[in-house]
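> The two chains are supplied separately, each in an independent frame; assemble them into the complex guided by the hints.
What follows is the residue order along each chain.
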Amino acid sequence: MFLAIRELNFARLRFALMGAVIALIAVLMVMLSGLSVGLVRDGVSGLQNLPVTSFAFARNVQHDSAFSRSVVDISAVDAWAAQPGVAQAAPFGNSLVNGRTDRGTEVDLALFGVRPDSFLSPSVSEGERLGAADGIVVSPTVLDAGLRVGDTVTVARLGTRLRVVGVTEQQDTFGHVDVAYLPLAAWQAIRSGTAPGVELPQRAAAEITAVAIRADDGKSVDLAAGDAVAGTESMTLAESYGASPGYTAETTTLQLIQGFLYAISALVAGAFFAVWAIQRKAEVAVLRALGASTGWVLRDAVTQAFVLLVAAVAVGVGVGLALGAAITGSGIPFALSMPSVSAAAVGLVVLGLVGAGAAVLRITSVDPATALGGNR
Amino acid sequence: MSSRPAPTASTTPADSLPERLGLVMRAVSLRHGDAAETVQALDEVDLTVRPGELAAIVGPSGAGKSSLLAVAGGLVRPDQGTVTVAGQDMTVPSRRARTALRRRHVGFVFQSGNLLPALTAADQVRLPLRLGPRPARSGRDPLELLADVGMADKTGRRPHQLSGGERQRVGIARALVTEPSVLLVDEPTAALDRARSHDIVQLLAREAKQRLVAVVMVTHDHDVLQYCDTVYEMVDGRLATSR
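From first to last, the protein sequence lines stand for chains A and B. Residues in the first sequence are numbered consecutively from 214, following our numbering. Residues in the second sequence are numbered consecutively from 66, following our numbering.
Among the clues, some could well be false.
Stated by the list, open to error - Simulated pairs of lysine to any residue, SDA-like, Cα-Cα distance not exceeding 25 Å: (1) B:K219 - A:F215; (2) A:K494 - B:A165; (3) A:K494 - B:R169; (4) A:K494 - B:R191; (5) A:K494 - B:R223; (6) A:K432 - A:A292; (7) A:K494 - B:Q226; (8) B:K219 - B:R276; (9) B:K219 - A:E496; (10) B:K274 - B:R160; (11) A:K494 - A:F228; (12) A:K494 - B:R160; (13) A:K494 - B:K274; (14) B:K274 - B:A255; (15) A:K494 - B:R276; (16) A:K494 - B:S228; (17) B:K274 - B:A217; (18) A:K494 - B:R199; (19) A:K494 - B:P198; (20) B:K219 - B:Q267; (21) A:K494 - B:A256; (22) B:K274 - B:A260; (23) A:K494 - B:A187; (24) B:K274 - B:E244.
To be verified - Some residues of chain B that are not near chain A, with every Cβ distance over 10 Å (derived): (25) R161; (26) L277; (27) H287.
Just so you know, the hints here were simulated from the structure itself, not pulled from any lab data. Note that the Cβ used here is the ideal one computed from N, Cα and C, for glycine as well.
Looking at chain B on its own, in the form it has when it is part of the complex (with noise of 0.2 Å):
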């Protein structure tokens, strides 16, 4: 079973934009496992995700939330279905397509942040405009953009100095510095208090309306779903729309 975001109540920016330039995943399937043993990780799964739109996505261990973040950012190839992202389609064979199309289109933040030990803060939203072939050109100032999140005054910090809270922050600048079109969050309050928790998810929320990025958020955390434009239920593989 699929279903498709209800559009937003809000009348954003976003609204006019066309859906094709956020995250569209049409009867995505895919399995793990071998012949002997194989597990349905997500099974017909439609979603459409605006940009400028953030969606959220519940759902037990184990339901096929990360495979499904996996397979929209071109981690993964699914075993049928489409996925686009700024139109650009995510499934292609060749790995290193896949991998070109994550550096430009794709954010990822990770759980605690994922931060690089050996990275300051500034380094570590630098680090992005410097994975391709040669340095970006485009991209946004990592300076400013730790500003905006509220770290200006710790871009000389590495990981270890910094509170739960702060990682989760680098981590989201360095998921935008390349300006993507598709935000995809894993878990981000994994880690945090209720305080944090709320901040740190008004921030994405925030960042998702002013970049006009699509954000898909897995949680576990129905406290932060306030701010969510919708809410998705993820159970064995299967997407139901929540709210």
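Only chain A is shown next, with the shape it has when bound in the complex (with noise of 0.2 Å):
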């Protein structure tokens, strides 16, 4: 620390403008956290709040489309709330709509086809539960697009009239659109493309999407065993996440941008020092020579190192809160998790460290004897 601290202080121009190029970096890697937790809580945020462990798709249903693609009998539901240690199963439907208001908004709505009596009918905020033949609970998201409770939404080609009866507690949207849930047989309806005042086909009102299951707490499912039986295809709550529509694709897509962001990360930090320590050869000679061991100029230059990028990424981290903050709410589809800017700020330190750790090696290979005479 001796030298790495007054080396920081009297080169601090220098390590300023590679903090300043490390503190970007983390400004990107928050704003791309937030914009990861944002797109997911978008995207799949209906079914995080949704008490179900796991959901029983139609056998060899495609699993990157299974909520738009699965049809499953409803006998299924049965099945599974016979198998050993699940503690609930009910039917769940799933389809994507486009409405509009009585006052003329238009409105994308997933829609949730849950029975009202059952573990998945959700609380609300506003108004009423679901029960009402025709009564939806929406997200409170959708509330600012203009929809109010007592508003009646009604089904495009369809002509299905819904009507708005309470708001549910937390954002609840599934492939980036705001969810309404709604009784199942008003979701059979609308999937099977009934009309209004249209007797229900038989056969449409045994299919659903899935079958939504709850384990006894603290114990798990044998879902294979489950499948046998019911003839379905099952996969766990965070699956599923992968069978909402675009989530793959958007969270690889960040997940790439994060990893090539350390590994530029690294690269910098590892290139700075890189010169840093060529430049430092004819110092580290002169250390050597006096005295100290190669152990003792390793732990400077790499203390040097933390201290940088401990600095530079903590300004980039509160620098990429703010703005966060103030994205926050905007449209964009954006939130801060703790737990996720601070792993990417360990990351950022980790694998800066891990390139300055590999650059600074070449100072152990400095021969002491070159801070003589001629060999200068």
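Below you can see the structure in the form of structure tokens.
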């Protein structure tokens, strides 16, 4: 530390420029982290908020589009309910629709068809719970589009009229579309294209998207055994996120960008400290001639890199958080999560240290005899 | 060929100290290069410098003067021969052990001081006390030492704010702060004018006597040899007593 801190102070402009680059990377990292969490929340918060541990979809369904392609016979619900470790099983229907309110507001809705008396029925922060045959409970985020409790939404093409009776307690979105819970029968009618006033065909009344399963607290369910009995294909709740529209592509893209940023951070730190180490060769030779061990010189150099990286990342994270706070609520899917931001900050420091460490290793090869006479 | 230094004429207290407390090199040889081309940097060199003695080594460039300092300070292991500083073997195979010995028993003064740009004069002198696994408990007070070498009013200055002579004074203080047994001085007057050269070598001679340090000074400057107790000439890796 003795030399490291004094060099940081002496060459502060040089280190400040280097720190500014790391800080900018940290800002980008915080923004990407916010976008990642925001997009995930926008994509699957409706699923995350369900009290579900797994979904049973149709057998052989395509995993990345299971919610839109799966059709399961409702008899599978009873089969799953009888499985050991299953606390509750309920039918779950899902589809995306366009609608228009009586006041002419266009809305897109992700319909979650559930039985009003099942464990899937949501709590409300405003209005009434699910119950009325044409009643829907919507995500609070749809209120931003101009929807209010008491409004009526007419589903495009079919003309089915749905009444907003309540608002859920927290953001519920699915595939970046606001969720509307509705009674299972109403969902089955919409999905099957049954016009208002027409009796629901028997076949449509037996079809659901998936069986929603809740395991007993602290217990696990043998999904393979349940699938064998019910003729389904199960995914855990976390696995089912990948079946949400665009989820896998979005998260993979953002993870890739984050990965590149980590690599860039390590490279930038590595390149800077490599040049710094080369410039310090004569100085290191003097230090070693004076009696500094290789370990002392390395510790000093790594400490220097650590102090610089921590300070730069702290500044970058601070700026990123301030920018993020300004963006939050502006319509961009952005949400700051301290665990994600902390992980990104630690990742930047660690990878920066790896790059810097690899670069300063070259000083171990400096010959102290070069501090003398004609060798210099 | 090799030779031992003649006893100095003066009767300083150093004369009563055993030579093993200073620098003793016996039949030291060192080759540079590979099998295809080798240079005999040191050839059967014998050298004894007692505590309090200032020995000068002169000779043309490439004669092996810097190699002698490197071997004496444990920076390089000789191919054969023995080197002891304060009775400690400086040719042990372990680089770490040689580094620890150098830290405890050897001080280096380099050309132009070779000071670290980021450090003030006071920190330059504090530095050797911090180079061990833990800060040294012994050693001299850096500020007091700087005052001794005439730098009391410039302790906060960095190398670029000092003249060549001042940088050398700080370099000497840095080398003495750990109270070494042997001071190895490499061309201390190379970048100095005549007056400053005399000042610096006089300072070295004074410190050698006062602190009973064995000083080996490599130099091209024959003007300053008057302050030295012994003068050796080095040619093609061989050492001969000149005075």
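> Does each hint fit the structure? Answer for all of them.
Hints and how they fare:
Distance check on the hinted pair: K219 (chain B) and F215 (chain A) sit about 20 Å apart at the alpha-carbon level, within 25 Å; holds. The hinted pair formed by K494 (chain A) and A165 (chain B) meets the criterion: a straight-line CA distance of about 21 Å does not exceed 25 Å. Taking the CA atoms of K494 (chain A) and R169 (chain B), the gap is about 23 Å. The hint holds against a cut of 25 Å. A distance of roughly 21 Å separates the Cα atoms of K494 (chain A) and R191 (chain B); the hinted pair therefore holds under the 25 Å criterion.
Note on K494 (chain A) and R223 (chain B): the hinted pairing holds, with a Cα-Cα distance of about 19 Å set against a maximum of 25 Å. About 18 Å separates the Cα atoms of K432 (chain A) and A292 (chain A), which keeps this hinted pair within 25 Å; it holds. Proposed proximity of K494 (chain A) and Q226 (chain B) is supported: the alpha carbons are some 22 Å apart, at most 25 Å. For the suggested pair K219 (chain B) and R276 (chain B), the alpha carbons sit about 23 Å apart, so the restraint of at most 25 Å is met.
Restraint check for K219 (chain B) and E496 (chain A): satisfied, since their Cα atoms lie roughly 22 Å apart, inside the 25 Å limit. At most 25 Å may separate the alpha-carbon atoms for a hinted pair to count; K274 (chain B) and R160 (chain B) exceed this at roughly 31 Å. Restraint check for K494 (chain A) and F228 (chain A): the C-alpha separation of about 18 Å stays at or below 25 Å, so the hint holds. Annotation: proposed proximity of K494 (chain A) to R160 (chain B) holds, straight-line Cα distance about 19 Å (limit 25 Å).
Simply put, K494 (chain A) and K274 (chain B) have alpha-carbon atoms about 35 Å apart, too far for the 25 Å limit, and the pair is violated. This hinted pair checks out: K274 (chain B) and A255 (chain B) have alpha carbons roughly 23 Å apart, not beyond 25 Å. A C-alpha spacing of about 32 Å is found between K494 (chain A) and R276 (chain B), which places the hinted pair above 25 Å, so the restraint is violated. Between K494 (chain A) and S228 (chain B) the CA atoms are separated by roughly 23 Å; this keeps the pair inside 25 Å, and the hint holds.
Of the supplied pair hints, the one linking K274 (chain B) and A217 (chain B) holds, its CA atoms being roughly 21 Å apart against a limit of 25 Å. For a cut-off of 25 Å, the pair hint linking K494 (chain A) to R199 (chain B) stands: about 24 Å separates their Cα positions. Restraint check for K494 (chain A) and P198 (chain B): satisfied, since their Cα atoms lie roughly 22 Å apart, inside the 25 Å limit. As the CA atoms of K219 (chain B) and Q267 (chain B) are separated by approximately 20 Å, the hinted pair is consistent with the 25 Å bound.
At roughly 22 Å between alpha-carbon atoms, K494 (chain A) and A256 (chain B) fall within 25 Å of each other, so this suggested pair holds. Note on K274 (chain B) and A260 (chain B): the hinted pairing holds, with a Cα-Cα distance of about 21 Å set against a maximum of 25 Å. A distance of roughly 23 Å separates the Cα atoms of K494 (chain A) and A187 (chain B); the hinted pair therefore holds under the 25 Å criterion. Taking the CA atoms of K274 (chain B) and E244 (chain B), the gap is about 13 Å. The hint holds against a cut of 25 Å.
With a least CB separation of 6 Å from chain A, R161 (chain B) falls inside the 10 Å interface cut-off, contrary to its annotation. Its beta-carbon lying about 20 Å from the closest one in chain A, L277 (chain B) satisfies the requirement of being farther than 10 Å from that chain. The beta carbon of H287 (chain B) sits about 17 Å from the closest Cβ of chain A, which is more than 10 Å, so the claim that it is off the interface holds.
Violated hints, in rising order: 10, 13, 15 and 25; the structure is consistent with all others.
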